[in-house]
Amino acid sequence: MTTDQQILDSLKDTSTKELAFRHLVAKYKERLYWHIRKILLNHDDTDDVLQNTFIKIWNGLDTFRAESSLFTWLYRIATNESITFLNQRKRRMMSGLTDENEYLIGNLESDTYFDGDEWQMLLQKAIATLPDKQRIVFNMKYFDEIKYEEMSEILETSVGALKASYHHAVKKVEEYVKLHESRIES
Amino acid sequence: MYEEKNTEPDFLKRTEKNPFRTPDHYFESLEDRVMANIEYQTQKKSSPTKLFQLLKPALGLVASFALVYLLVYYPINTFLLKDTALTSTDESTTSSQIDAYTLNFSLVDESTFISTLFSDDTDQTANINPDEFLAYLSTGMSDVEIYSEIQN
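So the sequences go chain by chain: A and B. Just so we're aligned, residue 0 is where the first sequence starts under numbering that gives the first Met the number 0, counting upward by one. Just so we're aligned, residue 0 is where the second sequence starts under numbering that gives the first Met the number 0, counting upward by one.
Watch out, some of these pointers could steer you wrong.
[To be verified] When the alpha-carbon atoms are kept at most 27 angstroms apart in a straight line, the in silico DSSO-like pairs for lysine-lysine are as follows:
| id | chain 1 | residue 1 | chain 2 | residue 2 |
| --- | --- | --- | --- | --- |
| 1 | A | K26 | A | K124 |
| 2 | A | K162 | A | K146 |
| 3 | A | K124 | A | K177 |
| 4 | A | K28 | A | K177 |
| 5 | A | K28 | A | K124 |
| 6 | A | K55 | A | K16 |
| 7 | A | K89 | A | K55 |
| 8 | A | K124 | A | K89 |
| 9 | B | K55 | B | K43 |
| 10 | A | K170 | A | K89 |
| 11 | A | K171 | A | K89 |
| 12 | A | K177 | A | K26 |
| 13 | A | K11 | A | K26 |
| 14 | A | K16 | A | K89 |
| 15 | A | K170 | A | K146 |
| 16 | B | K44 | A | K55 |
| 17 | A | K162 | B | K16 |
| 18 | B | K55 | A | K26 |
| 19 | B | K16 | A | K177 |
| 20 | B | K43 | A | K170 |
| 21 | B | K43 | A | K146 |
| 22 | B | K16 | A | K171 |
| 23 | B | K16 | A | K132 |
| 24 | A | K16 | B | K16 |
| 25 | A | K16 | B | K43 |
| 26 | B | K55 | A | K28 |
| 27 | A | K28 | B | K16 |
| 28 | A | K26 | A | K55 |
| 29 | A | K124 | A | K55 |
| 30 | B | K43 | A | K11 |
| 31 | B | K43 | A | K28 |
| 32 | B | K16 | A | K124 |
| 33 | B | K16 | A | K26 |
| 34 | B | K44 | A | K11 |
| 35 | A | K162 | A | K177 |
| 36 | A | K55 | A | K28 |
| 37 | A | K146 | A | K132 |
| 38 | A | K16 | A | K28 |
| 39 | A | K26 | A | K89 |
| 40 | A | K171 | A | K28 |
Please keep in mind that the hints were generated in silico from the structure rather than gathered at the bench.
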């Protein structure tokens, strides 16, 4: 497997740039896909945003300064692209919706690539009701199991604030589940 | 303070973590699609139509201004200002005529006016001696003075 440093070195050389970028895509495509998918919940939207993310990465290669790790930089671009996409969609859909999170829940229910049971659907709906920042922190911690220190670099937020965000997110998810779980059990 | 081990409730351990899936073979062709997309974006940037695309808004703006000039500014300049000039000439003529009438009316003194009204002689002007008329003009008397002169 090619290391990040090898990829970065090859990206600097115009003759090997395209091949190196292919390696970069191959190495990070799944991690970035699942990160974006957890934010957007829908495969088609995720595919669009993932393509845009890689185009942004390609266009921004010259600006990457190796102060943070390649993984952190890629995650940051993917997160920003997802939030931008989500905000655009929410603005477009807001006129007909009373709650902005209804867009995400609708996205989840209409996604043909969701194989979860009722419990998983309930959990995803509960996560969808969280504010964007808390939702991203919850996903990164619970699903991707990213360390707070790494998360802090990606989201440019202090570790303490991230821990607090996760704590509040878990509490809200728990309350939502308790309120709605009777529908599943009955 | 916010340790996830203390806060994570049981229900979070109850389910499989990833309920999502992708279409079959989705990841296999991803690199090719990404590279094709990048190539397409690069071609779009260097396309010769780009100059026209860049100038398109500016050209549209120029065309709009030209249209506005032709439809609004030119007719205003050509027709409306000409009409205004004509109207103002008419007005000046009318006012000068009024001035003239006013002047003529003021020249008619009361005695002449009354005598003209009550006299049977319709050709009195013919009897006025030019020397008398010039003498009358040279006195520079006002209507009141003339009236008092007549009365005396």
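How the hints compare with the structure:
no.	hint	in the structure
1	K26(A) <-> K124(A)	violated, 30 angstroms
2	K162(A) <-> K146(A)	holds, 11 angstroms
3	K124(A) <-> K177(A)	holds, 13 angstroms
4	K28(A) <-> K177(A)	violated, 36 angstroms
5	K28(A) <-> K124(A)	holds, 26 angstroms
6	K55(A) <-> K16(A)	holds, 15 angstroms
7	K89(A) <-> K55(A)	holds, 22 angstroms
8	K124(A) <-> K89(A)	holds, 17 angstroms
9	K55(B) <-> K43(B)	holds, 16 angstroms
10	K170(A) <-> K89(A)	holds, 25 angstroms
11	K171(A) <-> K89(A)	holds, 22 angstroms
12	K177(A) <-> K26(A)	violated, 39 angstroms
13	K11(A) <-> K26(A)	holds, 18 angstroms
14	K16(A) <-> K89(A)	violated, 37 angstroms
15	K170(A) <-> K146(A)	holds, 20 angstroms
16	K44(B) <-> K55(A)	holds, 14 angstroms
17	K162(A) <-> K16(B)	holds, 20 angstroms
18	K55(B) <-> K26(A)	violated, 42 angstroms
19	K16(B) <-> K177(A)	holds, 19 angstroms
20	K43(B) <-> K170(A)	violated, 48 angstroms
21	K43(B) <-> K146(A)	violated, 40 angstroms
22	K16(B) <-> K171(A)	holds, 18 angstroms
23	K16(B) <-> K132(A)	holds, 20 angstroms
24	K16(A) <-> K16(B)	violated, 36 angstroms
25	K16(A) <-> K43(B)	holds, 20 angstroms
26	K55(B) <-> K28(A)	violated, 38 angstroms
27	K28(A) <-> K16(B)	holds, 19 angstroms
28	K26(A) <-> K55(A)	holds, 17 angstroms
29	K124(A) <-> K55(A)	violated, 30 angstroms
30	K43(B) <-> K11(A)	holds, 23 angstroms
31	K43(B) <-> K28(A)	holds, 25 angstroms
32	K16(B) <-> K124(A)	holds, 14 angstroms
33	K16(B) <-> K26(A)	holds, 22 angstroms
34	K44(B) <-> K11(A)	holds, 21 angstroms
35	K162(A) <-> K177(A)	holds, 23 angstroms
36	K55(A) <-> K28(A)	holds, 14 angstroms
37	K146(A) <-> K132(A)	holds, 16 angstroms
38	K16(A) <-> K28(A)	holds, 17 angstroms
39	K26(A) <-> K89(A)	violated, 31 angstroms
40	K171(A) <-> K28(A)	violated, 31 angstroms
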